[in-house]
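**Q** Each chain, letter by letter, is given below.
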Amino acid sequence: MKNSIRILSVLVFPLLLIGFSLSETDKKVLQYPSSWPKPHYNFKDNPLSNIQVELGRKLFYDPILSADNSISCANCHLSFTAFTHVDHALSHGINDSIGTRNSPVLINLAWNKHFMWDGAINNIEVQALAPISHPAEMGEELNHVIRKLQKDNNYPHQFYKAFGDSLITSQRMLKSMAQFQLTLVSANSKYDKVKRGEIKFNEQEANGYKLFTKLCNSCHTEPLFTNGGFASNGLTIDTNLKDVGRFKITRVNEDSLQFKIPTLRNIEFSQPYMHDGRMKSLSEVLRHYSSKISTSKNPKSDIKTNLKLTDNDRIDLVAFMLTLTDKEFLFNPNYSYPRNIK
Amino acid sequence: MLLEKEQCYHLKSLINSAVFTMVIMFGLTRIALGQHNVKISISPLISIHTIELNENLNTPNKQQLTITNLKFYISNFSLYKNGLLQYTWKKKHHLIDINNPLTTIWQLDSIEGDFDEIKFQLGIDSLTNVSGALAGDLDPTKGMYWTWQSGYINFKIEGNYLDSNQVNDVFEYHLGGYLPPFQTVQNISIPCNSRNEIKIAFDLDLFFRSSETVKLTRVMSPGADAQALSELLVKCFQLYEK
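So the sequence lines, in the order shown, correspond to chains B and W.
In case it helps, the working numbering puts the first sequence at residues 1 to 342.
In case it helps, the working numbering puts the second sequence at residues 1 to 242.
No lab work stands behind these hints, which were simulated from the structure alone.
Backbone N, C-alpha and C define an ideal beta-carbon position, used for all residues, glycine too.
Careful, some of the hints might be misleading.
In silico lysine to any residue, SDA-like type, Cα no more than 20 Å apart, as pairs [to be verified]:
hint: 1; chain 1: B; residue 1: Lys113; chain 2: W; residue 2: Thr147
hint: 2; chain 1: W; residue 1: Lys142; chain 2: B; residue 2: Lys248
hint: 3; chain 1: B; residue 1: Lys113; chain 2: W; residue 2: Val130
hint: 4; chain 1: B; residue 1: Lys248; chain 2: W; residue 2: Ala228
The calculated label-pair distances, taken between Cβ atoms and stated as ranges, are [said to hold, decoys possible]:
hint: 5; chain 1: W; residue 1: Leu102; chain 2: B; residue 2: Ile64; range: 32 to 38 Å
hint: 6; chain 1: W; residue 1: Ala135; chain 2: B; residue 2: Val252; range: 30 to 36 Å
hint: 7; chain 1: B; residue 1: Ile64; chain 2: W; residue 2: Ile48; range: 48 to 54 Å
hint: 8; chain 1: B; residue 1: Pro37; chain 2: W; residue 2: Ala135; range: 29 to 35 Å
hint: 9; chain 1: W; residue 1: Leu102; chain 2: B; residue 2: Ile98; range: 43 to 49 Å
hint: 10; chain 1: W; residue 1: Lys215; chain 2: B; residue 2: Thr236; range: 33 to 39 Å
hint: 11; chain 1: B; residue 1: Asp165; chain 2: W; residue 2: Asn56; range: 43 to 49 Å
Modelling step: build the complete structure from the supplied sequences, incorporating the hints.
**A** The following block contains the structure:
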């Protein structure tokens, strides 16, 4: 008896050690500049792991989430264009259905307190439920998705690798998709390099930055280029779409026509702009701010008068906004289509 | 060889006596401490009629209706004595689904002492509503979580009126919402003396009779209507007296 116990422990103990060390190396820590505020997301309930991030990435790019297996998240959130649906004012889903809003960028989501243009979603983990079930997006039912994953040739094995057993639940699916999206951090644009003292703005960009801090920073606050809140910037309501913004969620009058302030990071590649994609270029955006606010039929606007911008000012502001482009983020191979997932 | 066998036998009987003693001690301790189990049941009714799905039901104001779906959350089910918390059910959030009658009955284990009040919430608290993707009875696949707007449906009832003068004979109430000022989770408190079996009646007669319910046949999102209807449900809970 005693001998067999000894033999067993000699065999088991090293295996336990290996097991612990494997799980340690699989851990992933979100990298971001030390000068940034802490993320809002509670990582304690969903600590990042490389394998779960990869599972989430596979799901993100998989049209299995949609009713007719044609639409994946990536259809409206393309990695090369800041995870938005470039060149589309409104996105289209299954059966060529058209939605009512512009696809937002997926950047620095760990710092978001609200998700979607009207803040309908309060946690990144449950965001995927909205497009999955929307009849004009993926048109599917959550129960069906889970069943499809369970019947798939590969997913039970992927879940086993990620969670230690092949049980596929909505919670596991949603948390791993959240993990992948939380890793989409953009902090290496020209602006960031200037802030680190590595390079300098040129004269136009420097001028643009000065104007930005004076006129735009209160809503598009550095370093995330959003203060995470809701506002109205004087857009008149579209009479076809009739989008009342945040009011739809809170039913509080003050929230009417308010929309989430988007980040300006990578704005060079996320056109068209605004919650319904009504503006095609940054010049058009700046013309709105400098000449359309005062005449806007929007009594709820947080900006009451046109911004004082000369033609040169507008050009310099655009030059500054182009410094928010982060090529490392846009072309990060860890974010794009996962060709090597076995 | 014989010696070893004897030793084995001796060891076995020692273990047996030890286990026997422990069991007796455990039982005696429980009796000494006054520990007992309490069986809880919640019975949805309309007046005196137990609600069964897809059956014709009469309401007291002579309406006939059928209920096709009835699900609601019970949270933080607790026993109080003299206003002080004595015991909370380990299962923090419990989904009752009339399609699965077993969910209407459960047991509280090892209750010590007596109690004079039951408290629980009808619905899910705000903190849980912002806690992301959850599992078990809180799994969104249970059909009690809004996909297009984060938040739990506290109480869901669907069905139709049969002898209808109503143009829309279908009724659907998905009551939920946690953002102020339209918070819909309700606190329920029922005075109740200590006993081994507590039967709670959930009589929806008051709900169906109220003018608000009659006016609105569909409430499917958070807001003032959901809040008003949720408040009606508080009065529907009482001890079941036949």
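**Q** If a hint holds in the structure, say so; if it doesn't, say that too.
**A** Results of checking the hints against the structure:
1. At roughly 18 Å between alpha-carbon atoms, Lys113/B and Thr147/W fall within 20 Å of each other, so this suggested pair holds.
2. Taking the CA atoms of Lys142/W and Lys248/B, the gap is about 25 Å. The hint is violated against a cut of 20 Å.
3. With a C-alpha separation of about 10 Å, the suggested pair Lys113/B and Val130/W falls inside the 20 Å cut-off, and the hint holds.
4. At roughly 18 Å between alpha-carbon atoms, Lys248/B and Ala228/W fall within 20 Å of each other, so this suggested pair holds.
5. The given range of 32 to 38 Å is respected by Leu102/W and Ile64/B, whose C-beta atoms sit roughly 33 Å from each other.
6. Separated by about 32 Å at the C-beta atoms, Ala135/W and Val252/B satisfy the suggested range of 30 to 36 Å.
7. A C-beta distance of roughly 50 Å is found between Ile64/B and Ile48/W, which places it inside the suggested range of 48 to 54 Å.
8. The supplied range of 29 to 35 Å is met by Pro37/B and Ala135/W, whose beta-carbon atoms lie about 30 Å from each other.
9. Between Leu102/W and Ile98/B the beta carbon distance is about 45 Å. The supplied range of 43 to 49 Å therefore holds.
10. In this structure the supplied range 33 to 39 Å holds for Lys215/W paired with Thr236/B, their Cβ-Cβ distance being about 34 Å.
11. For the hinted restraint 43 to 49 Å between Asp165/B and Asn56/W, the CB-CB distance of approximately 46 Å keeps it satisfied.
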